[in-house]
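As you go down the protein sequences, you meet chains A and B in turn.
Each residue of the first sequence is one higher than the one before, counting from 66 in my numbering.
Each residue of the second sequence is one higher than the one before, counting from 9 in my numbering.
The hints are simulated quantities; they were obtained by calculation from the structure and are not laboratory data.
The beta-carbon is built from N, C-alpha and C at its ideal position, and this holds for glycine as well.
DSSO-like mimics (lysine-lysine), calculated; alpha carbons at most 27 Å apart, straight line: (1) A:K306 to A:K426; (2) B:K181 to A:K104; (3) B:K258 to A:K379; (4) A:K104 to A:K86; (5) B:K136 to B:K88; (6) B:K181 to A:K181; (7) A:K121 to B:K181; (8) B:K88 to B:K13; (9) B:K139 to A:K379; (10) A:K181 to A:K104; (11) A:K168 to B:K13; (12) A:K104 to B:K190; (13) B:K139 to B:K13; (14) A:K121 to B:K190; (15) B:K190 to A:K426.
Selected chain B positions facing chain A (Cβ under 10 Å, derived; list incomplete): (16) E36; (17) G156; (18) C185; (19) G196; (20) G211; (21) E231.
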Amino acid sequence: MQQSAKIERQPGFLPRSDFQKLLDGIVQSGYQLLGPVVKDGAIQLMQISDVTQLAKGLTNEQQPGHYRLQQTAGERLFDWNHGPQGLKPLCFAPHEVLWVEQKDPLSFTTRLPDVKPTAVLGVRGCDLSALAIQDRHFLHAAGADPHYRQRRERLLLIGIDCAHSAESCFCASTGDGPSVNQAVDIGLSELDDGFLVWSGSDQGEAVLQRLDLATAQTQQLEQMEGQTEQAAREQQRQLPKPEELIRLYQRLEHAHWQQVADRCLGCGNCTAVCPTCFCYDTQHEVSLDGLSAQNVRQWDSCFSASHSSMGAFKVRGNILSRYRQWLTHKLAGWQEQQGRIGCTGCGRCITWCPVGIDLTKEADAILWEGSLDE
Amino acid sequence: MATDKPKLAVHKFSSCDGCQLALLNLGEPLLALPGLVDIVHFAEAGPNSPDQPVDISLVEGSVSTPEDIQRIQQVRQNSKLLVSIGACATSGGLQALANFANRHEWMASIYTDPENIEVLNSSDPISKHVKVDLQIQGCPVNSAQVIGALRDLLSGVAPRPEVHSVCMECKRKGVICTMVTKGEPCMGPVTLAGCGALCPAAGRGCYGCYGPAEQLNDRSIAERFEQLGLDAQAVLRRFRFIANSAAGFKTASEGLRGDTDG
Ligand code: SF4
Ligand code: SF4
Ligand code: SF4
Ligand code: SF4
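One chain only, chain B, in its complex shape (with noise of 0.2 Å):
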């Protein structure tokens, strides 16, 4: 069914399949794609055919494999606009811990046939392997972010990045600051906004599963959880998490004392 439509691929690499389900959480949004991009790949959603050439793909899901490696410049080249969507395809997602370590030992310990698994050394971004044209970060993204650049690429404009902290999705919901009122060990105020204070709001710290903010103070907070009563490895603990990779957070737990175990 050939259509003049602009078309979309959403392609899956080494991931949760998370960000697809947040995509097909979406609902009423979801009902109206359709009728302005013709759907070609989702196989989460059912659509099935990953090597057509397509106006936009959406990436989610981090580069582990030499198979990844090899698709995603497949999809790099069969799309005229990348976005690369989430935690693992932003920065290598959970999975990238094992950056940190010798994941080929841990696989002999843990693997009767270690020799069968073919993995890279490290899972990272798609940014490091092919240009990527926008990054949404989040684990999972933010749904109503992603449709909201669709948009805004579908229009020929230059999606606005979020710029602001947890913090201040706060402030604005009227969420009640978890650290300040409970000494909770809260990431918000160097985790890029984008969630809508979800944890905060459940009267949680922040986990920056979003990832760096703008600015990055690491040094600052990590003294602040020290003071609230983390010991060393438990303040490190908190950037190498769901964002480990992200630059500024990988930056600030090499840098930290509790660095012990990579």
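Isolated chain A (complex conformation) (with noise of 0.2 Å):
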């Protein structure tokens, strides 16, 4: 299922020298642009105007439990792969009000987010996709959820291939990456002396035209090409096939849970660092008088007690069945129900677990090693 970067583009040539340009011409479109910059030592989108924020010359080490980022000797703005966020944050935020109450008189009154247009810089693959199964649960859905769709409107995405995977990537094997194959606005591979550049809409195409690109050279592509399919040949992680992971559900007894759940903490981060990822609690908060109360949306976890409480009762009550429920929902039971495993490879959601716990080693153990009760 991997994937090579021979799509659909007709990149034009960016000299190196000249990449201030693009985001200049980002900016004046009337954009505020988030970029990749290194904060607490990991790569996060923060708002920026010029390159010399970005995070230059660095590579990331993403193993199991750890993140490391590493000086390389190159000028390269985008050889690590990527933070422990993707564009879940933008669209589908951590912690938001929807809506506000007035008890006298009575009344409700939404409260839409305030977003500006946000061009956002450096996009995986991996990360795209997510999105695109965002979309799909937050606004294909029967009744689009408007906090969601007003900061998803407003978002102007330029992609970038990745000329390396990070030990923890397995987008090769879900058809996810490494390079952009998904709708972008504007995308990007980066080669030793500039980016090839390309837009994938009008809005794009608004701002390429702001630039001079130069004609993309045949060795140019050639090196573009290369990249992504060393990339993808660099991954040592894979996910079985859909139609393998959907037996899942035949393996509920297998002994191996047991196993996982001597090792998971039953933290969440896995879930909260996922792309995918879209369970939420809502509360109210009431004020102090009692007069007045707003309805707070946060993330939720499927680790958490209160994703299966039923009052008093909990359908889940401990990490075994928590740790399965992730396991089965995301890689089977997700193919019912959106279409397509719930997974990317992005490899977050194993880089970040505080234990490192790897889900492609685990989805492994329970479908390859025992005897199947089925």
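Using the supplied hints, reconstruct the complex from the two chains, each of which is provided in its own coordinate frame.
Pasting the structure below:
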């Protein structure tokens, strides 16, 4: 299922020394620009305007429960893969007020977020696929979510091919990377001396009109393809095929679930960093005088007791049943509900799990080890 | 001044007053409070009628003296609802560390006349001595949680318990994980949310002062701490700290290999 960069692209070439012009073009087109910067030892999306703010000459070491940035000898701006969050917090806010109400006279007022048009620089294939999954959930299901939509409609996406994979990445096996094959407004592929740049929407084209792109050389196009193929070859992990993953449902009593539960802390980090996880919880926060209240939504997790509580009864009362819920829902249940598995191979749940639990290994063990109870 | 507002008392037992101070630090909501309840007892703030019957008592501190036992029984009798707040009231507090040692030997080595000190053999949560209607963990408590619970009780609804780990607070706030990026031995995954990930936001590992999370896999995190370079004693002390006698942390520390001193 591995994808290469052989897609409909007609890129032009932007020399490295002119990259600032692209940033200027985005800002001058009326967007606030979020770009990858280093903060607290990780790649994070922050508001930027200048190329010097970007995470230059850095690569990332990502292993189970382990993340470190390292200097490279090079000049590249996108040699790392990602930090703990993809696009999820930008559209599905971790914590937000949905509506406010007054008691006297009784009124309910929706609080829509006030969002500026926002361009996001350096989005990876795995995160673009994850956004499409979240779109399907929040926008296309019956009754689109107005809060999500408000943010989503104002995003300008600038994708970038991965020239390397981190050790936790396995997007080649899910078909979501390492090259950008999804819809973007602007696409980028970084080469030694500059960038191949293409537009994928009218908004993206309007930005690129401001630049004076050179014609891409055959050799540059070959380098682009070669890099993503190399990135795919570097990947050490893979997920079983969707039709194999469905069989997780036939192995609900497998002894390995207990072995994972012995290690899993039930902390919920995996779900919080997963760019496709969409569970939330709403709470009523009543003012002390009791005269007004706000309805607040925040990220929940299938690892928390609230997720399966029915009054005094918790359907999933232990870590084993919660981990089993996470893995079976993501890898099997989603196929029916969302039309595909809920994993885009970004590897974040592996990197950011405090004890380094690796879903690819757990899925393998449960599918292929021991006897089938079917 | 008799009114028909519900009556509130704030009682102190063996504690540092930090939870009362957290309430006093509330700011605006604190000014609204007298509009809703008659605060009949809150020594730290002024009102001082500990023996009046009330609708709700907030209790800070642990029970550690014979006098504390009598007083908490009195408070229970005088209160329709009793809410214990903070690590001391809900688990015995830092002072419960002495539960793991021989406190009489310690006292004899420090004080010239230890026989003048009247203490129980252990520092205990309020719930060990009287029925408690609601517990709010934390050192100190998150005053917004206390106010939220008060509002719910005044409305006659059961407050919703916090159930998430500190990790979920890190992730919602965009705090970068100190364990994964720096190898800090962080108690966040096994600690109940509520503090707003205060320590990780400052770049340190969580100390577990809010007490055990709803699910507590102490063996797995202890093993992880060892991989990160803590020796067995240091791992033990991660559990045996502010919420040392909270049920989950206590059992955890007793099961760890480093448990040599008690
Ligand atoms: S399940 Fe893990 S690897 Fe897959 S998309 Fe979510 S965080 Fe990424
Ligand atoms: S999972 Fe693939 S697309 Fe995502 S960062 Fe890694 S290599 Fe890039
Ligand atoms: S798999 Fe890892 S991140 Fe997820 S709940 Fe378990 S310990 Fe936490
Ligand atoms: S810093 Fe600690 S509390 Fe925060 S996510 Fe990491 S392990 Fe959890």
